[in-house]
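J.: Each chain, letter by letter, is given below.
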Amino acid sequence: MSVTEPAATPGKAKDEPLLRVEELEVSFATEDGLVQAVDGVSFELKPGEVLAIVGESGSGKSVTAMTLMGLTRSPNARFGGGAHYQGTELIGASEEELRRVRGAEIAMVFQDPMTSLNPVHRIGDQIMEQIQEHEALPDQQARERTIELLERVGIPRARDRIDNYPFEFSGGMRQRVMIALALSCDPSILIADEPTTALDVTIQAQILHRIRELREETGAAVILVTHDLGVVADIADRIAVMYAGRIIEEGSLDQIFYDPQHPYTWGLLGSITRVDRARPERLPAIKGLPPSLANRPQGCHFRPRCPHEFSKCIEVPPLEARVKDQPDHRDRCWLSVDEKRERREVRPGEIGLPTKDEPEEAPAA
Amino acid sequence: MFRFTVRRLLNMIFVLWAVSVLTFLIFMVMPGGGDEQAALRIAGRNANEAQVQTVKREWGLDDPFYAQYADMMKKVFTGELISYVNQVNVREEIVRGIPRTASLVIGAGIIWLFFGVVFGVLSAIYAGRFTDRALNVLALIGISLPVFWVGLVLLYYLTDRIALFPPGGYTELGDDPVDWAYHLILPWFALSILFIGFYSRVLRSNVLDISNEDYVRTARAKGLSERRILIRHTLRNALIPIVTLFGLDFGAALGGGAILTESIFGLQGVGQYASDSIGRLDLPPIMGVVLYGAFFIVLLNAIVDILYAYLDPRIRLQ
Numbered sequence: 000m001s002v003t004e005p006a007a008t009p010g011k012a013k014d015e016p017l018l019r020v021e022e023l024e025v026s027f028a029t030e031d032g033l034v035q036a037v038d039g040v041s042f043e044l045k046p047g048e049v050l051a052i053v054g055e056s057g058s059g060k061s062v063t064a065m066t067l068m069g070l071t072r073s074p075n076a077r078f079g080g081g082a083h084y085q086g087t088e089l090i091g092a093s094e095e096e097l098r099r100v101r102g103a104e105i106a107m108v109f110q111d112p113m114t115s116l117n118p119v120h121r122i123g124d125q126i127m128e129q130i131q132e133h134e135a136l137p138d139q140q141a142r143e144r145t146i147e148l149l150e151r152v153g154i155p156r157a158r159d160r161i162d163n164y165p166f167e168f169s170g171g172m173r174q175r176v177m178i179a180l181a182l183s184c185d186p187s188i189l190i191a192d193e194p195t196t197a198l199d200v201t202i203q204a205q206i207l208h209r210i211r212e213l214r215e216e217t218g219a220a221v222i223l224v225t226h227d228l229g230v231v232a233d234i235a236d237r238i239a240v241m242y243a244g245r246i247i248e249e250g251s252l253d254q255i256f257y258d259p260q261h262p263y264t265w266g267l268l269g270s271i272t273r274v275d276r277a278r279p280e281r282l283p284a285i286k287g288l289p290p291s292l293a294n295r296p297q298g299c300h301f302r303p304r305c306p307h308e309f310s311k312c313i314e315v316p317p318l319e320a321r322v323k324d325q326p327d328h329r330d331r332c333w334l335s336v337d338e339k340r341e342r343r344e345v346r347p348g349e350i351g352l353p354t355k356d357e358p359e360e361a362p363a364a
Numbered sequence: 000m001f002r003f004t005v006r007r008l009l010n011m012i013f014v015l016w017a018v019s020v021l022t023f024l025i026f027m028v029m030p031g032g033g034d035e036q037a038a039l040r041i042a043g044r045n046a047n048e049a050q051v052q053t054v055k056r057e058w059g060l061d062d063p064f065y066a067q068y069a070d071m072m073k074k075v076f077t078g079e080l081i082s083y084v085n086q087v088n089v090r091e092e093i094v095r096g097i098p099r100t101a102s103l104v105i106g107a108g109i110i111w112l113f114f115g116v117v118f119g120v121l122s123a124i125y126a127g128r129f130t131d132r133a134l135n136v137l138a139l140i141g142i143s144l145p146v147f148w149v150g151l152v153l154l155y156y157l158t159d160r161i162a163l164f165p166p167g168g169y170t171e172l173g174d175d176p177v178d179w180a181y182h183l184i185l186p187w188f189a190l191s192i193l194f195i196g197f198y199s200r201v202l203r204s205n206v207l208d209i210s211n212e213d214y215v216r217t218a219r220a221k222g223l224s225e226r227r228i229l230i231r232h233t234l235r236n237a238l239i240p241i242v243t244l245f246g247l248d249f250g251a252a253l254g255g256g257a258i259l260t261e262s263i264f265g266l267q268g269v270g271q272y273a274s275d276s277i278g279r280l281d282l283p284p285i286m287g288v289v290l291y292g293a294f295f296i297v298l299l300n301a302i303v304d305i306l307y308a309y310l311d312p313r314i315r316l317q
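Chains as they are written, first to last, in numbering that gives the first Met the number 0: chain S, 0 to 364; chain C, 0 to 317.
In short, the hints are calculated from the structure, not lab data. Be a bit skeptical, because a hint or two may be false.
[Stated by the list, open to error] Interface residues of chain C toward chain S, partial, derived using beta-carbon atoms under 8 Å: (1) ASP34; (2) TYR214; (3) ALA220.
[Claimed, not checked] Covered stretches of chain C, as calculated for chain S (at least 3 residues, CB under 8 Å): (4) 185-192; (5) 305-315.
[Claimed, not checked] Label-pair restraints from in silico Cβ distances: (6) ALA133(C) x ALA135(S): 18 to 28 Å; (7) GLN85(S) x ALA133(C): 42 to 52 Å; (8) SER143(C) x VAL200(S): 39 to 49 Å; (9) ALA28(S) x ILE142(C): 42 to 52 Å; (10) ALA28(S) x ALA133(C): 18 to 28 Å; (11) PRO98(C) x GLU147(S): 53 to 63 Å; (12) ILE302(C) x ARG156(S): 47 to 57 Å.
Predicted, not measured: the structure shown is a model, and the values here were computed from it. Using N, Cα and C, we set each Cβ at its ideal position, and we do this for glycine too.
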């Protein structure tokens, strides 16, 4: 397999999902009781698609991503549901089966590039180690491929830098190394878990730009886990918004940004700063705190913070398509679509979350 | 590397000098020490006042203390240091003791490093389970048992009650390797037991700490086998502190620190020589042994630093 050739999915149609996650459940037994980190998460990932999983800290987005690779397995973790990747059931897979998928089929870029590389090994060795784990390649060829990969992610003088140690790189450069590592076996899915959170803003933009370019070159599907809607707007095709372990809304980039259905999504969108508008005194924030995963509210998890709560909300709203003619736009809110559109005061890309007791002031134009 | 070597050498010379001065001063001021007492010891129990005066003059013991110190240092370098008590040459005694001490300490060092690492890794792999708990209990027992007690119990049961091993003594390795090992098995065991317990506990916690590092998760995400993750990623980092520990403990024991083990098993090594000389307040051998010991500790320290720079590329020698 050459690294420049797009990863094809043999014998499958283009819109056949590469990955199908169904009713995924992850819980951890802790001293404070059972923590339900992921609660019935379902989504599909098509070849070449960028799916962003968005949510606050503790919403279960990272756990979802890591569970796909079996990285959350531990004696006190319990799993339910499934994740099918091209004939492999990832959740119940043996370590042996998972090892063949990890790195080769599904690769991951982690949040903190400063700690994600082993400090005592040269970066080239760390990349070659993965290549040679999955492909019987002689050292010289693995090394050449590594140099090529480092060049592709934008590391200057890759031929010299391949023998450097991680501490000789800056954070942004290390994240590029991580991306090169992840792409080294031409995976069909790249999971990026907050890949830019630990980096400063200019570097963030470069890294995102790289990920987008590489996606176009390799055809790999990307799952981008982030809390940053600005990042999402840059590169995502589809967005899944998570709250307290559940996906509460899922749709295309435009659907989520221009026709958001769930009050939590409204709140998230309302808290984005915009450089093209007058700056508000304070950024609007969603009142209250996310619930503890060990002790979640009954029914809709957002209910205690939601200004639009009503009697029905005590029941768990199913994740289903509610907007007419948009079967791929799903959400978990009992309000009718008309009520939602009326209450959220739609202006394209500028959506606040009015509260019950203090109605939102008219935004400065 | 050159600058590092020069700096370490200067450092070493300074430490040895400071150690020699301290040893000398402590002897001069301590009860039972000082040049008067030394002269009495040289002259012997039945000497009269005139004989003591002669000894003082001949041995330079009525010189000012700094002159005495200079004289002693000169003798250290020329190898003319002679015991006050039995007039035996100190260097010859130390040279006679080195192969004995080295046989004990190198053998024990290999044993304690090997079992310390094996038990530590097993404990970490089976953390919280039976193997870990059992090893934990054993390690605590090993750490708590005093060497002299273990030595005596071993001697009593395995040489006296059942004549399984020789009751101490030493055979040259060159003369009879089997008998050499036969004589050393019990001392090796007695000296290792504390270190095995200690090293396995330290390594266990290091391995568990490193297992939680992000880069170990990265290694797992790469699809590596658990064995490769353990060896190349976890242990490779977890063993770095063990290198320090081993360097210091090994240097101290080689420098005559295994006093109890050597004495109990009558190995007549450097440690036992140190212990005998201290018991007799015999300054020249004490000085000789202390400098010999300090030399090894400082040397091993420098070796540890060099190894460190090799094991952890973030550390540079300068």
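J.: If a hint holds in the structure, say so; if it doesn't, say that too.
T.: Here is how each hint holds up against the structure:
1. ASP34: Violated, because the Cβ-Cβ distance from ASP34(C) to chain S comes to roughly 55 Å (cut-off 8 Å).
2. TYR214: holds (4 Å)
3. ALA220: holds (5 Å)
4. 185-192: With 0 residues in contact (Cβ-Cβ under 8 Å with chain S), the coverage given for the region 185-192 of chain C is violated.
5. 305-315: holds (count 4)
6. ALA133(C) x ALA135(S): 18 to 28 Å: Hint violated: Cβ distance 41 Å, outside 18 to 28 Å.
7. GLN85(S) x ALA133(C): 42 to 52 Å: holds (44 Å)
8. SER143(C) x VAL200(S): 39 to 49 Å: Given about 57 Å between the Cβ atoms, the range is violated.
9. ALA28(S) x ILE142(C): 42 to 52 Å: For ALA28(S) and ILE142(C) the Cβ distance comes to about 33 Å; the hint is violated.
10. ALA28(S) x ALA133(C): 18 to 28 Å: holds (25 Å)
11. PRO98(C) x GLU147(S): 53 to 63 Å: Distance hint for PRO98(C), GLU147(S) holds at roughly 57 Å.
12. ILE302(C) x ARG156(S): 47 to 57 Å: Violated, since ILE302(C) and ARG156(S) (Cβ atoms, about 35 Å apart) do not stay within the stated range.
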